[in-house]
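Use the sequences and the hints to build the structure in full.
Here are the chains, one letter per residue:
There are 6 protein chains.
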Amino acid sequence: MDLLNLDPLLRQALAEDLGRGDITTDAILGPTGSSTVEEIRFQATLIAKENLVLAGWPIFIRVFQLLGEVEAQLRCEEGAPICSGDTVGRLEGKASLLLKGERVALNFLQRMCGVATLTRSYVERVAHTQAKVLDTRKTTPLWRALEKYAVRMGGGINHRVGLDDGILIKENHIAVAGGVREAIEACQSSMNHLQRVEVEVRNHQEIRQALSAGADIILLDNMTAEQVQEAVEMIGGRCLIEVSGGVNEKNIVQYAEAGADYISLGVLTHSSPSSDLSLILEPR
Amino acid sequence: MDLLNLDPLLRQALAEDLGRGDITTDAILGPTGSSTVEEIRFQATLIAKENLVLAGWPIFIRVFQLLGEVEAQLRCEEGAPICSGDTVGRLEGKASLLLKGERVALNFLQRMCGVATLTRSYVERVAHTQAKVLDTRKTTPLWRALEKYAVRMGGGINHRVGLDDGILIKENHIAVAGGVREAIEACQSSMNHLQRVEVEVRNHQEIRQALSAGADIILLDNMTAEQVQEAVEMIGGRCLIEVSGGVNEKNIVQYAEAGADYISLGVLTHSSPSSDLSLILEPR
Amino acid sequence: MDLLNLDPLLRQALAEDLGRGDITTDAILGPTGSSTVEEIRFQATLIAKENLVLAGWPIFIRVFQLLGEVEAQLRCEEGAPICSGDTVGRLEGKASLLLKGERVALNFLQRMCGVATLTRSYVERVAHTQAKVLDTRKTTPLWRALEKYAVRMGGGINHRVGLDDGILIKENHIAVAGGVREAIEACQSSMNHLQRVEVEVRNHQEIRQALSAGADIILLDNMTAEQVQEAVEMIGGRCLIEVSGGVNEKNIVQYAEAGADYISLGVLTHSSPSSDLSLILEPR
Amino acid sequence: MDLLNLDPLLRQALAEDLGRGDITTDAILGPTGSSTVEEIRFQATLIAKENLVLAGWPIFIRVFQLLGEVEAQLRCEEGAPICSGDTVGRLEGKASLLLKGERVALNFLQRMCGVATLTRSYVERVAHTQAKVLDTRKTTPLWRALEKYAVRMGGGINHRVGLDDGILIKENHIAVAGGVREAIEACQSSMNHLQRVEVEVRNHQEIRQALSAGADIILLDNMTAEQVQEAVEMIGGRCLIEVSGGVNEKNIVQYAEAGADYISLGVLTHSSPSSDLSLILEPR
Amino acid sequence: MDLLNLDPLLRQALAEDLGRGDITTDAILGPTGSSTVEEIRFQATLIAKENLVLAGWPIFIRVFQLLGEVEAQLRCEEGAPICSGDTVGRLEGKASLLLKGERVALNFLQRMCGVATLTRSYVERVAHTQAKVLDTRKTTPLWRALEKYAVRMGGGINHRVGLDDGILIKENHIAVAGGVREAIEACQSSMNHLQRVEVEVRNHQEIRQALSAGADIILLDNMTAEQVQEAVEMIGGRCLIEVSGGVNEKNIVQYAEAGADYISLGVLTHSSPSSDLSLILEPR
Amino acid sequence: MDLLNLDPLLRQALAEDLGRGDITTDAILGPTGSSTVEEIRFQATLIAKENLVLAGWPIFIRVFQLLGEVEAQLRCEEGAPICSGDTVGRLEGKASLLLKGERVALNFLQRMCGVATLTRSYVERVAHTQAKVLDTRKTTPLWRALEKYAVRMGGGINHRVGLDDGILIKENHIAVAGGVREAIEACQSSMNHLQRVEVEVRNHQEIRQALSAGADIILLDNMTAEQVQEAVEMIGGRCLIEVSGGVNEKNIVQYAEAGADYISLGVLTHSSPSSDLSLILEPR
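Protein chains in written order, with our numbering: chain E, 22 to 305; chain X, 22 to 305; chain C, 22 to 305; chain S, 22 to 305; chain D, 22 to 305; chain W, 22 to 305.
Just so you know, not all the hints are guaranteed correct.
If several chains are the same, the list does not tell them apart, and a pair holds so long as it fits within one copy or across any two.
[Unchecked claim] Below, in silico cross-link-like pairs of lysine-lysine (DSS-like), each with a Cα-Cα straight-line distance of 30 Å or less:
#1 Lys115 / Lys271
#2 Lys191 / Lys153
#3 Lys115 / Lys159
#4 Lys191 / Lys115
#5 Lys153 / Lys115
#6 Lys271 / Lys70
#7 Lys191 / Lys271
#8 Lys70 / Lys159
#9 Lys115 / Lys70
None of these hints come from the bench; they were simulated from the model.
If you want it as structure tokens, here you go:
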């Protein structure tokens with residue numbers, strides 16, 4: 022999460038909300054650049070309204086900084102659990118700046134905390150096993166870097182960030198290639214020494230094909246925990262095993278205990294509810 | 022929702038996923054531009070995996086069209102309810118194109134349907150009253166136009182699209198302006214004949230100030246349904262009434278029956294779960 | 022007029038003039054980055070060559086600041102009347118920077134002062150009446166924010182900033198909708214509680230239709246002052262009245278005295294002559 | 022005037038006016054993408070409301086084309102004189118497209134015709150002499166290519182398009198360089214074989230210095246026609262002569278007859294009034 | 022090499038050369054948009070002036086297509102060896118378009134063929150061994166995708182495309198991490214199941230540390246062929262071996278025969294001379 | 022070479038290499054924004070590994086500055102000859118920043134020094150004659166400003182920077198125009214007083230035509246030194262003479278001594294090998 026990369030995104034989000042300008046704030050405080058009332062400095066306190074895992078404070082602050090100078094003080098740490106009612110941090114700056122940036126900054130932060138909080142709850146459920154929690158590419162378009170970062174803050178591990186930084190052969194690729202072996206071999210012949218081949222399989226036959234063709238990782242898709250256990254035994258450590266599809270808060274432990282090395286969950290990024298936080302302004 | 026405006030956003034989302042290129046698909050089908058295997062045409066069928074309200078088909082299709090030529094056929098209508106198992110539509114095009122666009126297109130569609138589906142459920146609950154369901158500015162950054170569109174497809178009405186297309190005086194503005202009357206008058210003196218003034222109030226005294234200063238709309242924030250009913254009587258039709266804060270699926274009817282003209286809900290856009298849809302590829 | 026928004030525009034204007042670089046200045050002072058002659062600091066004095074209303078000093082300065090560091094001192098105020106020969110302000114910085122930015126900065130300022138000066142002359146003519154002077158969307162493409170700002174500095178009020186921040190039904194909309202009533206009702210059914218409906222009418226019949234359909238504002242287009250007076254009486258305060266078309270410096274008083282609430286003028290932005298200002302450089 | 026270059030500018034101008042969308046047209050015709058009413062095709066006729074020289078028809082049409090398909094038919098030629106009341110051309114396309122593009126397209130065209138019309142009036146006044154009419158860099162920021170094109174359509178010749186495509190030493194350069202000779206020699210030592218040196222002079226002494234240093238063109242700034250005549254005699258054909266400053270419609274003939282090779286005028290681009298044209302829509 | 026991605030780059034390159042327009046061609050053929058002479062269609066024949074490997078025809082063509090319509094016909098294949106004097110392909114289109122695009126299109130093609138041609142010469146030298154030829158990140162800035170593509174056309178394999186798609190620990194990383202083991206373990210703890218760890222080593226001790234920490238690939242930097250042979254024996258197949266530094270056309274065979282799995286060469290992209298091709302225009 | 026213009030290019034080059042982030046450095050030093058290890062400051066020393074002419078230090082430094090704060094100290098001067106083993110300069114900053122920017126910064130610098138070094142070798146060969154060394158438009162796409170700058174640092178003179186800042190009639194233009202005279206006259210009729218006409222000729226007849234039509238410069242293409250000498254005599258000082266085609270390190274002196282005013286060489290920019298420089302990091 023490099024600010025060099027994210028500034029254009031944040032500016033775009035500010036432009037989306039500000040449009041041609043904040044007509045309410047400008048009516049009250051005068052247009053940007055006038056010299057009298059606007060100089061009033063306010064303090065803004067960020068408070069958690071429910072338990073959550075913090076993710077996105079640097080983004081939250083950066084949104085305001087793109088509008089002008091603010092002083093910021095974080096009272097806890099990225100990735101830390103926060104209790105309802107706790108003060109997360111404080112900002113100080115011109116009133117107009119705080120009013121104009123508030124909604125966008127909160128919209129970023131609330132979604133990121135939501136992702137981190139949900140991730141943490143899954144990670145904790147399987148903490149006693151060898152299984153690691155992965156995200157997927159089922160992210161909100163334009164939010165991949167932010168949501169993947171929030172998953173890390175929640176204790177998860179990032180799967181591929183895009184189609185270009187890892188080979189994952191899915192069912193549709195197999196259909197197009199004409200078989201598991203054909204697909205794996207096509208990838209092997211064009212890849213370099215830093216890459217590995219992961220392949221999604223649906224049954225024992227495909228597992229056998231994947232193993233014989235030399236897959237590095239096998240992805241068991243939409244199997245029950247029992248089926249996963251059988252597959253784990255069949256594979257016998259010859260490659261890594263990822264599980265996805267049909268996993269939820271109730272059954273994730275069973276999948277983990279069945280021997281999966283990795284469990285990937287789309288829900289972390291496509292359906293996590295926003296965390297509730299609020300920003301309270303007071304004059305200095 | 023004008024494609025003139027949205028193409029850059031969709032391209033950005035494709036770039037986010039494709040990065041430097043889809044190395045799995047390219048390994049199997051050859052790099053873009055080669056002439057043999059890639060020409061295989063596939064058909065893709067879009068199927069609902071749960072009940073939902075459709076929103077976003079034009080976006081779904083457009084994502085693929087930015088990658089090349091596809092033929093698309095919609096089997097229902099934007100805004101229509103779809104049952105689990107129904108076929109929403111079909112696409113046909115080169116296999117490589119379908120494989121490369123699938124995830125991004127689904128990521129857009131699933132979120133938009135999620136917003137429309139949740140909106141519809143609220144709209145239906147208050148259909149017997151005069152109350153209208155509004156969204157808020159608590160949208161996913163960079164997604165405002167898409168989420169506001171999905172709200173409309175779900176039967177909701179859009180509140181302000183940004184800070185520039187409507188005056189809404191909130192508590193923090195009042196604090197900065199020095200009072201309800203001061204804030205309203207500042208807005209009245211700079212606005213033109215096409216604009217109106219809405220003001221957020223917390224109690225009876227502020228309602229009285231707002232009415233006497235000539236507010237066009239009063240927003241009752243975080244009040245119980247009983248408090249709303251009292252406020253409605255006190256206002257006596259002198260201006261429009263919007264309610265927000267603390268409204269959920271269970272109590273929305275009470276708020277509507279208490280006499281609110283508009284009920285606005287952040288949950289529609291910040292916490293709606295993604296709808297489940299899947300795309301199945303088959304050779305032609 | 023938010024610098025967050027305008028910097029890209031100003032950079033574009035600088036790029037338009039500088040192209041691949043100022044070959045004359047570079048020949049004389051050496052290329053950017055060399056260390057000897059270029060460090061010469063100059064002072065630049067901005068002088069009005071005719072009477073004008075100042076608008077655009079922050080833009081004027083910002084152009085230079087995008088090229089490097091300058092110190093600036095304004096000797097009067099935005100929106101103030103300036104007499105021919107008066108010193109408007111002073112700049113100090115590297116000679117190369119002042120030479121490279123001079124033309125672009127003046128081109129911005131001279132046009133903005135021209136708009137403000139012409140607006141002020143209209144505003145003063147109707148200052149004794151209730152009528153307010155409005156601009157239109159007949160602005161120089163890419164200059165809307167700047168020209169609308171200059172109109173405000175001249176004492177005018179801004180009409181819609183674009184097609185998205187207000188409803189104005191014009192003749193062509195009526196033709197397409199099939200009538201005044203049909204057009205108004207279409208807008209009423211899709212608008213939210215912060216919006217109003219303005220409709221352009223050509224005769225008494227259309228005024229009656231507009232009133233009965235519930236228009237909030239009626240725009241009387243291309244009528245004589247006498248016709249406006251009749252219309253004002255007919256409307257009898259049931260809605261606001263805007264007048265446009267055929268208004269000039271000579272007859273604006275008649276229109277205002279006929280009872281128009283608002284008078285809108287395209288000439289303010291599409292045909293205002295540039296104000297004459299010059300920048301004189303001297304070594305420090 | 023290459024459409025490859027100008028499309029981004031035109032899109033920017035459309036975005037400036039459309040913002041988040043044309044709410045009036047969308048209310049009446051339905052949002053973009055709906056299939057019923059919007060398909061109504063209209064014809065639009067472009068009519069001159071005063072005498073003018075046509076410049077900008079390709080831009081006018083291109084604005085609409087960026088919104089969708091239109092058929093266009095020009096009834097005269099770029100650069101031709103048009104009489105008040107004449108039909109310039111016709112468009113045909115969807116009603117929504119014509120309504121949304123109208124204002125932006127006219128704003129471009131009216132300004133460009135204004136520049137061409139004013140240029141033509143100057144060019145005709147000196148047509149019996151050897152003098153050629155030049156524009157300057159006093160153009161509307163972001164409009165240089167468009168205004169320079171309009172000057173050509175009016176019969177003028179373009180001076181430098183920017184600071185990078187020609188050497189012109191002005192008074193401020195001389196001050197910085199330490200003298201006319203020093204400035205000229207600095208340019209001569211860094212220029213290539215395709216470039217020439219023009220230098221602005223204020224008096225006989227500077228003319229002598231310029232000639233002796235080998236200037237290719239001398240620019241006589243703010244001189245009377247008599248002073249120009251003296252200078253012409255003094256120079257005696259040893260280099261080309263440009264005149265600028267203080268030239269207006271009344272005295273331009275005197276300057277031309279005094280022997281200037283080129284006369285440059287800022288007024289062509291910074292103060293030309295907009296030409297009056299209107300677009301009338303009718304159903305097909 | 023996806024045209025979706027490359028169009029902006031190609032447009033930028035055209036803008037770099039065209040600037041404000043091709044004044045020579047426009048003088049001769051009239052400005053873009055005029056209707057007479059420009060319509061002349063020409064044929065252009067692309068001829069190799071020396072032996073080369075073809076890479077970049079799709080880019081060559083695309084440059085012209087961004088200027089307008091052209092018909093193109095390739096007479097051989099990407100990656101094929103071409104002899105001096107052979108016709109590579111033909112274009113047909115408007116004369117102005119061919120004149121304006123020629124230089125930029127050739128500049129792209131000549132460099133890409135140069136890279137492919139040099140790569141092929143290295144690949145052929147080691148074709149009898151197990152060693153594969155890799156490129157590096159020592160590419161021309163802004164050209165990475167194009168040069169990496171050209172390397173593939175020459176028969177080479179692409180190493181990492183950027184810092185984000187593979188882990189490679191270099192000397193400086195080791196210095197910062199505090200040792201080979203520390204650096205490898207840091208990477209192992211944050212990577213996912215699709216990634217591998219490559220580490221650059223300078224001596225036997227570092228090889229031992231890398232092996233014991235579980236490196237997947239060892240990069241032997243700046244060693245002689247003899248030293249490589251020793252290292253190969255020491256590693257004994259426990260991981261893959263890449264060699265870089267000090268390899269040239271004369272000694273590459275020795276390195277390959279010493280047992281390197283991969284040999285990487287910066288020279289392929291940073292110092293390959295341009296291939297000589299020319300484009301001959303004739304009227305149709 | 023104005024940093025205002027080049028920053029976007031440098032950012033693009035950084036984005037090309039960094040992609041979604043430097044996973045190796047981030048694994049070792051922690052993600053951007055964390056506060057512990059990353060703060061380690063390192064010193065980086067830039068050393069020449071062969072004799073070269075320095076060009077591009079400001080670019081080299083700027084690349085790092087776009088990533089964060091660095092202190093830089095140049096030990097010599099742009100354009101100066103550097104000996105193998107010499108220290109060119111030093112940088113100091115955070116370790117992560119130095120690791121992330123190193124490759125891109127070196128890729129820029131090595132190419133620019135390569136161009137300057139080759140240019141210097143040609144310039145020195147003809148230093149005893151009147152001939153000047155020119156570059157061409159055969160530059161690496163997207164690198165024109167950088168390569169032209171490097172040519173100047175090597176002592177060469179820049180020919181046209183693009184198609185818009187000079188008139189050069191080439192063979193293909195003559196073919197299209199219908200003759201040397203026709204082409205020259207077309208250019209003369211549309212050019213302004215700051216421009217000149219250069220024309221490429223192949224034989225004595227074309228030289229005669231060019232002279233009689235009033236060409237300002239004649240470009241002798243692909244002639245032997247003997248043919249150039251004949252042409253020089255024939256032209257007899259009536260216009261400037263440029264030579265190009267077939268010139269190399271061995272015969273350039275003959276061309277210069279034959280009387281050419283300018284000799285232009287594509288090899289300077291399209292086939293100069295990269296200079297070898299390395300950056301060594303040490304903790305402070």
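Each hint tested on the structure:
1. Lys115 / Lys271: Neither, since 48 Å and 40 Å both go past 30 Å.
2. Lys191 / Lys153: Both ways: Lys191 and Lys153 sit 21 Å apart in one copy and 29 Å across, limit 30 Å.
3. Lys115 / Lys159: between (39 Å within a copy, 23 Å between copies)
4. Lys191 / Lys115: Between copies, since 17 Å is at most 30 Å while 52 Å is not.
5. Lys153 / Lys115: neither (45 Å within a copy, 33 Å between copies)
6. Lys271 / Lys70: both (26 Å within a copy, 21 Å between copies)
7. Lys191 / Lys271: within (26 Å within a copy, 42 Å between copies)
8. Lys70 / Lys159: both (28 Å within a copy, 16 Å between copies)
9. Lys115 / Lys70: within (25 Å within a copy, 38 Å between copies)
Hints 1 and 5, counting from the list given before, are not met by this structure.
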